[in-house]
Structure formats: structure tokens, C-alpha cells
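Participant: Need the complex rebuilt from these two chains, each delivered in its own frame; the hints are there to steer you.
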Amino acid sequence: GEDVEQSLFLSVREGDSSVINCTYTDSSSTYLYWYKQEPGAGLQLLTYIFSNMDMKQDQRLTVLLNKKDKHLSLRIADTQTGDSAIYFCAESTEAGNMLTFGGGTRLMVKP
Amino acid sequence: EAGVAQSPRYKIIEKRQSVAFWCNPISGHATLYWYQQILGQGPKLLIQFQNNGVVDDSQLPKDRFSAERLKGVDSTLKIQPAKLEDSAVYLCASSLGGQRAQYFGPGTRLLVL
Numbered sequence: 009g010e011d012v013e014q015s016l017f018l019s020v021r022e023g024d025s026s027v028i029n030c031t032y033t034d035s036s037s038t039y040l041y042w043y044k045q046e047p048g049a050g051l052q053l054l055t056y057i058f059s060n061m062d063m064k065q066d067q068r069l070t071v072l073l074n075k076k077d078k079h080l081s082l083r084i085a086d087t088q089t090g091d092s093a094i095y096f097c098a099e100s101t102e103a104g105n106m107l108t109f110g111g112g113t114r115l116m117v118k119p
Numbered sequence: 667e668a669g670v671a672q673s674p675r676y677k678i679i680e681k682r683q684s685v686a687f688w689c690n691p692i693s694g695h696a697t698l699y700w701y702q703q704i705l706g707q708g709p710k711l712l713i714q715f716q717n718n719g720v721v722d723d724s725q726l727p728k729d730r731f732s733a734e735r736l737k738g739v740d741s742t743l744k745i746q747p748a749k750l751e752d753s754a755v756y757l758c759a760s761s762l763g764g765q766r767a768q769y770f771g772p773g774t775r776l777l778v779l
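Sequence order for the protein chains is E and G. Following this note's numbering, the numbering of the first sequence begins with 9 at its first residue and continues without gaps. Following this note's numbering, the numbering of the second sequence begins with 667 at its first residue and continues without gaps.
Just chain G, same shape as in the assembly (with noise of 0.2 Å):
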């Protein structure tokens, strides 16, 4: 069984630009989320989808964050302009919905300058 999937695995942008992330989610998975890991630090939850729908979006700094799961399945998050403080890894993890084991792919390493 394929596992989740992210690209790209790093980024490098300056401040105030823009940057996306994709996600493909373990088949069959309802639910997925986008994790926030800053060096040395373990990973603080963004945002939760159940299909198309948010969940909880209550950590996501919304002036400059942003997701969208249309089709219930692929996953892109985004951020305009980032920020210094925006550099981190940004993982994504999927799990059946009722289920609670969450199943993390590699992550897309992002760094700032």
C-alpha cells in the first residue's frame, strides 16, 4: 500500500514570496492533516480536513495560511507572503476516518532567507 505522498520534499523562498505544498493521502483515507514541525520541536496540528470539509483550522494563521481539499482527496497548503518564522518542516498525515492512527509522509522541508 502506497504511503502519503508530499512534494516537493524542500523549498527554499525569500520572505514575502509565495509557496504550495501538495499532498496525496493514503487511498481510502477521510481524514487528513497538515502538521507545522519547527527544528527541535515536535509537530503542532494547522489544519484538519474530513473529506472536502475543515474540522479544526483553529491554529492556522489564517491572514497568510491557507488549504483547500476540494475533491476529498489531493491536498494543497499555502502560504502568502511567508515569513522568517514560517521556516519548518510541513508534514501531512492521513487516517480513516473513525480510526486513530495517523499516517505521516515524509514532509516538504521549507526554508525562509
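Next up, chain E with everything else stripped away, as it sits in the complex (with noise of 0.2 Å):
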């Protein structure tokens, strides 16, 4: 079946940029989605990117897909203490179906 796995933590001081890699199996995966989830709180959709796009960027977020290597990445600029949550990949195949989710990267900024 489809695995999708992603680093478990991540620390990084105020204002620098944090990375968040991802990689997933399915090579049908036809979009790719990055969620942030705060303590006690549901999954926040942050951005989405289609498997024929290679980039998209949304103000201090940045995607990256590797589609060969089946690899995703988000980058958060200057990342505020605010960011402070954990961050999920997930993967689906077709429109409307199921999400496949990574067990999510803890990331913790240091002021």
C-alpha cells in the first residue's frame, strides 16, 4: 500500500527558515498536501501542489515536489515561534478520495 514518511522533529532558532521533507511511495499520488496541527486542535490545510507542478509558493511558504525522486518539501521563511506545531504531508490519487498521511514532523522554534 501507499507509505508516506517524514522526519519526526525539527528545531530551529526565530527567523531563520525551516525545512520539512516528506517522501511518499505511490507514483499515482496525484496531489500532495502539507497540514499543520497545533496542540489540541484539528489539521489546519496550509497548501496543496498538483504532481505536475514542481513549485508553488504561498507568501512565506515554499513547496518543492520531486516527482522522480517522489519527494515534497516545505519550506517556511523567516519561521515565527507561532509555527511552532506539527507538521503533516499527505498524499492522495484522484480527486475527492482518500488522504495517505505521514506521522508528522514536530517543529520547534527557539526564540
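Since the hints were made in silico from the structure, they are not lab data. There may be inaccurate statements among the hints.
[What the hints assert, rightly or not] Residues from chain G that face chain E, not an exhaustive set, calculated with beta carbons under 8 Å:
1) 688
2) 711
3) 714
4) 717
5) 719
6) 757
7) 767
8) 769
9) 771
10) 772
11) 773
[Unchecked claim] Keeping only pairs whose Cα atoms sit at most 25 Å apart, straight-line, the calculated SDA-like set for lysine to any residue is:
12) 44(E) - 690(G)
13) 44(E) - 688(G)
14) 44(E) - 681(G)
15) 64(E) - 767(G)
16) 44(E) - 729(G)
17) 78(E) - 767(G)
18) 710(G) - 38(E)
19) 677(G) - 38(E)
20) 78(E) - 707(G)
21) 710(G) - 105(E)
For each residue, glycine too, the CB sits at the ideal point set by N, CA and C.
Facilitator: See below:
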């Protein structure tokens, strides 16, 4: 079955850039997503990218997709303490279909 | 625009008891999902509805879990009887049919003792 993997933990200093990485195995993945989860809260959709794109930028967020290597990354510029959360990568294979999530990367931002 | 609503937010029960969770999706969203998120893991899909029909329930433990969406809007997820390993956060999400983005509610945190 599909598998999505992420590193467990990332620590950065406030103002630095953060890069969170994700790898997936399903070559038929069509859409790839990044969600943010703060303690005790649900998942907040940050951004998503279609598999025919290799980059998407949205304010401080940049998503890079290497479809050949099945590697997705999320770069957060000028990371703030409010960005501290767990970030989940997820993939789906067709519109409206189930999401397969990675285990999440806990981002800690130090002042 | 109101987001996905879920209740209760927290529930503590003893094993073998029953419990039910409620979800109200974003207005107009035809597709509704229930996910189970065990502590330290990513969410896993339990069931997907399109309007009031089930699209995918292959991961739902049907011997104890049931879900319905009778009028194609609100949905309930029930566990009967609960086991210790059912302790998790139960997340409801919705999306416009044919659109990819799923929007999540705050979740119901279940603890089975």
C-alpha cells in the first residue's frame, strides 16, 4: 500500500528558514498536501500541489516537489514561534479520495 | 464561513461501553470523512461518504464501529463496544465533491479506560 514518511522532529531559531521533508511511495499520487496541527486542534490545510507542478509559493511557504524521487518539501521562510506545531504531509491519488498521511514532523521554533 | 463542527470535544469511557461522535460539515460540502488519529501518528481514514452514500469503509472495524449520514449533511460515528486501543482523536473532515482539499474539524479526543 501507499506509504508516506517524514522525519520526527525539527528545531530552528526564530527568523531562520525551516525545511520539512516528506517522501512517498505511490507513483500514482496526484495531489500532495501540507497540513499544520497545533496542540489540541484539528488539522489546518496550509497548501497543496498538483503532481504536474514542481514548485508552489504562497507567502512564506514554498513547496517543492521532485516527482522522480517522490520527495516533497515545505520551506517556511522567516520562521516564527507561532509556526511551532506538527506538520503533516499527505497524498491522494484522485479528487476527493482518501488522504494518506505521514507520521508528522514536530517543528520547534526557539526564540 | 463556519468550519467543520464536532462534538463532544472530549470523552472518557470505560472499555465495553458505547460512545457516539457527531460531525457537521461545512455547508454545501458533499463529501465527509472520518479519520482516527492515534497519539503520535498521522490520521487514518475510517470511512468516506459522498452525500448519504458510503464511498469507502474498507478501514472501518465493522464489528464495533458504525457510521451514518442519513440526510447527507450531519454524520455520527459510533463505537460499540469500545476497546482500550480505540483511545484516539476522531477527526471529521469535509470537501466539495470533486475538489481535493479536505477541511478538518477540531476532533473528539476519546480515552477508553
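Participant: Each hint: holds or not?
Facilitator: Right, here's what the structure says about each hint:
1. 688: 15 Å, violated
2. 711: 4 Å, holds
3. 714: Hint on residue 714(G): holds, closest Cβ of chain E at ~6 Å, below 8 Å.
4. 717: 12 Å, violated
5. 719: This hint is violated: residue 719(G) lies away from chain E, its Cβ roughly 13 Å from the closest one there, beyond 8 Å.
6. 757: 6 Å, holds
7. 767: At 6 Å from the nearest chain E Cβ, residue 767(G) passes the 8 Å test, so the hint holds.
8. 769: Given a least distance of 6 Å, the restraint on residue 769(G) holds.
9. 771: 5 Å, holds
10. 772: 5 Å, holds
11. 773: 5 Å, holds
12. 44(E) - 690(G): Roughly 21 Å between the alpha carbons, so the hint for residue 44(E) and residue 690(G) holds.
13. 44(E) - 688(G): Given that 25 Å is the threshold and the Cα spacing comes to 23 Å, the pair holds.
14. 44(E) - 681(G): 32 Å, violated
15. 64(E) - 767(G): Distance ~16 Å between residue 64(E) and residue 767(G) Cα, so the pair holds.
16. 44(E) - 729(G): Cα-Cα ~33 Å, so violated.
17. 78(E) - 767(G): 20 Å, holds
18. 710(G) - 38(E): Given pair residue 710(G), residue 38(E) holds - Cα atoms ~18 Å apart, limit 25 Å.
19. 677(G) - 38(E): At roughly 36 Å apart (the allowed maximum being 25 Å), residue 38(E) and residue 677(G) break the hint.
20. 78(E) - 707(G): 21 Å, holds
21. 710(G) - 105(E): 13 Å, holds
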